[in-house]
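Enquirer: One-letter residues, chain by chain:
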Amino acid sequence: SQKIEQNSEALNIQEGKTATLTCNYTNYSPAYLQWYRQDPGRGPVFLLLIRENEKEKRKERLKVTFDTTLKQSLFHITASQPADSATYLCALPPDDGSARQLTFGSGTQLTVLP
Amino acid sequence: DGGITQSPKYLFRKEGQNVTLSCEQNLNHDAMYWYRQDPGQGLRLIYYSQIVNDFQKGDIAEGYSVSREKKESFPLTVTSAQKNPTAFYLCASTGQSSSLHFGNGTRLTVT
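Here the protein sequences line up with chains A and B, keeping their order. The first sequence: position 33 = 33 (my numbering), numbered continuously. The second sequence: position 37 = 37 (my numbering), numbered continuously.
For the record, the hints were derived by calculation from the structure and aren't laboratory data. For clarity, every value in this text was computed on a predicted model and none was experimentally measured. Just so you know, even glycine gets a beta-carbon here, dropped at the ideal spot from N, CA and C. You may find that some hints are simply not true.
[As the list claims (entries may be wrong)] On the chain A side, residues computed to face chain B include the following (Cβ under 8 Å): (1) Gly-43; (2) Leu-49; (3) Ser-106.
[Claimed, not checked] Distance windows between CB atoms, simulated: (4) Pro-40(A) / Gly-3(B): 12 to 22 Å; (5) Asp-54(B) / Lys-17(A): 14 to 24 Å; (6) Ala-81(B) / Lys-57(A): 37 to 47 Å; (7) Ser-97(B) / Gly-41(A): 19 to 29 Å; (8) Ala-81(B) / Pro-114(A): 42 to 52 Å; (9) Ser-29(A) / Arg-44(B): 14 to 24 Å; (10) Pro-114(A) / Val-52(B): 43 to 53 Å; (11) Thr-26(A) / Ser-67(B): 19 to 29 Å; (12) Asp-59(B) / Ser-8(A): 19 to 29 Å; (13) Asn-53(A) / Gln-17(B): 47 to 57 Å; (14) Pro-40(A) / Gly-95(B): 26 to 36 Å.
Hey, can you work out the whole structure from these sequences and the hints?
Expert: Following this line, the structure appears as structure tokens:
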């Protein structure tokens, strides 16, 4: 069955450093992968989508890579700030693409320490 | 501003009672979804609807029911048959893009 794993439940880093979060998947050949941010007690907010034919995508201080050979996506936040503290979720569509039913990882809780 | 409104934010019920969670969107999106989130777990799909008057079961539909009588509304009923109803429930919608727009959730506690 399809499975998504995010590298760790919690990650603490110092302000100004680069945070790197990992999303690994098995038994998938997704056409794209998405990253969301979720703050406590709120719904996730869409951040970035990267397609299978894109190696890298950037948005301001965010960078996402997608390695379909390794079946892995890396999510980087450069020059991290305490306001970046949140849980980050990766999500993938089903293989057949017949419906937009995303499957989510359990998330990585990032804390940026001042 | 367009968005998804879930109400109430917190809901408390006694075991054995059915409860309905509200989800309204003004984004003119065709597809709507209900997810459940438990601590340490990813979001799990309960039901989804791609068009008015049509809906399909997700991965964990047992003990839940939905209706989609209007494009804007997709209420979820948690029935007494749901074994572990206490959770954070999230409603979402999609339009032309594949990204989901989420509401801010309803935290249901059943005692």
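Enquirer: Hints the structure violates: just list their numbers, smallest first.
Expert: Of the numbered hints given earlier, those the structure breaks are 5, 11, listed in rising order.
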